[in-house]
Amino acid sequence: QKEVEQDPGPLSVPEGAIVSLNCTYSNSAFQYFMWYRQYSRKGPELLMYTYSSGNKEDGRFTAQVDKSSKYISLFIRDSQPSDSATYLCAMRFDGGSNYKLTFGKGTLLTVNP
Amino acid sequence: NAGVTQTPKFQVLKTGQSMTLQCAQDMNHNSMYWYRQDPGMGLRLIYYSASEGTTDKGEVPNGYNVSRLNKREFSLRLESAAPSQTSVYFCASSAHRGSYGYTFGSGTRLTVV
Numbered sequence: 001q002k003e004v005e006q007d008p009g010p011l012s013v014p015e016g017a018i019v020s021l022n023c024t025y026s027n028s029a030f031q032y033f034m035w036y037r038q039y040s041r042k043g044p045e046l047l048m049y050t051y052s053s054g055n056k057e058d059g060r061f062t063a064q065v066d067k068s069s070k071y072i073s074l075f076i077r078d079s080q081p082s083d084s085a086t087y088l089c090a091m092r093f094d095g096g097s098n099y100k101l102t103f104g105k106g107t108l109l110t111v112n113p
Numbered sequence: 001n002a003g004v005t006q007t008p009k010f011q012v013l014k015t016g017q018s019m020t021l022q023c024a025q026d027m028n029h030n031s032m033y034w035y036r037q038d039p040g041m042g043l044r045l046i047y048y049s050a051s052e053g054t055t056d057k058g059e060v061p062n063g064y065n066v067s068r069l070n071k072r073e074f075s076l077r078l079e080s081a082a083p084s085q086t087s088v089y090f091c092a093s094s095a096h097r098g099s100y101g102y103t104f105g106s107g108t109r110l111t112v113v
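For the protein sequence lines, the chains are A and B, in the order given. As numbered in our numbering, residues 1 to 113 make up the first sequence, in order. As numbered in our numbering, residues 1 to 113 make up the second sequence, in order.
What the hints contain is simulated information worked out from the structure, not anything from laboratory work. One or more of the hints may lead you astray.
[Stated by the list, open to error] Below 30 angstroms or equal to it, Euclidean Cα-Cα: the simulated DSSO-like pairs (lysine-lysine) are:
hint : chain 1 : residue 1 : chain 2 : residue 2
1    : A       : K56       : A       : K42
2    : A       : K42       : B       : K71
3    : A       : K2        : B       : K57
For reference, chain B alone in the conformation it holds in the complex:
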């Protein structure tokens, strides 16, 4: 059982480049989330999707866009990467509106130079 799968695991971008982080879950969860984790800042919610067909902004949405492609997949796009977006990005999913907590992926380490 794979759980939550994120690709790629590592990426280096130049300032101004774009990229899409992919996330897929195989647990039939309704809700999916994108977080970034920075030293001293903890986990900060970027965007979330309560169910297929809906997306909402979280705490730090600027510079990002998301797509809930289907129930399994939730992608995060950086249109024009900036050094401030250097971070570790985690995708998570949950069943029943967050009951029983979230299941996280293993993360994408992104460096923008």
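With the rest of the complex left out, here is chain A:
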């Protein structure tokens, strides 16, 4: 079983839709959870960052962590064509010497005008 599983999609939605992107993970020791956005032919850029459980909101984006289910989500409200990109989840342990990020493989999202 891979440590982090992410549905690769592709996911296609109309402009204005609410988008839900998800990752599951197997290691309960993960404590930091992130979402990266990667436009075509560009490097990933950090979108959202959360520690432990709960929700975090930033404009149209909400990151949710459910540690009991080992499940994280990214919600995009009022989606725009400019949101079309690949979204990667990432996570890491808390403290110690193992601080490397473990990435999901990414979900390709297209928002159609």
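Here the structure of chain A is known, so what remains is to put chain B in place on it, guided by the hints.
Here is chain B on its own, set in the frame of chain A:
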């Protein structure tokens, strides 16, 4: 503020040739990383450097070497390129052992023929 700068952006090599990918960051980050990204495989860690003077193998180190030249620069060398090394290579850096995520460069597209 340039962030993470990678050179070159594109390269075509013949099998058996060698080359060095350059990476520099101007954010005073301690840790630096090299990833490769292939379709369906996601981001895979090749090598990383926790701090100046240290380097460690990641998930797929075979065929590569790295040098942490100073705090700013981290290079990746292919000694004898193989077609299996055709990929997009990303350099990243982070502060405080990965806290607040990574900052990625824009990538190097390498084709080995």
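Exercise. Between A:K42 and B:K71, is the straight-line Cα distance small enough, at 30 angstroms or below?
Worked result: 24 angstroms, holds
Given the hinted pair A:K56 and A:K42, is their Cα-Cα distance within 30 angstroms? 25 angstroms, holds
Requested in this report: Please work out if A:K2 and B:K57 have their alpha carbons no farther apart than 30 angstroms.
Outcome: Roughly 20 angstroms between the alpha carbons, so the hint for A:K2 and B:K57 holds.
Hint check: no violations occur; every hint is consistent with the structure.
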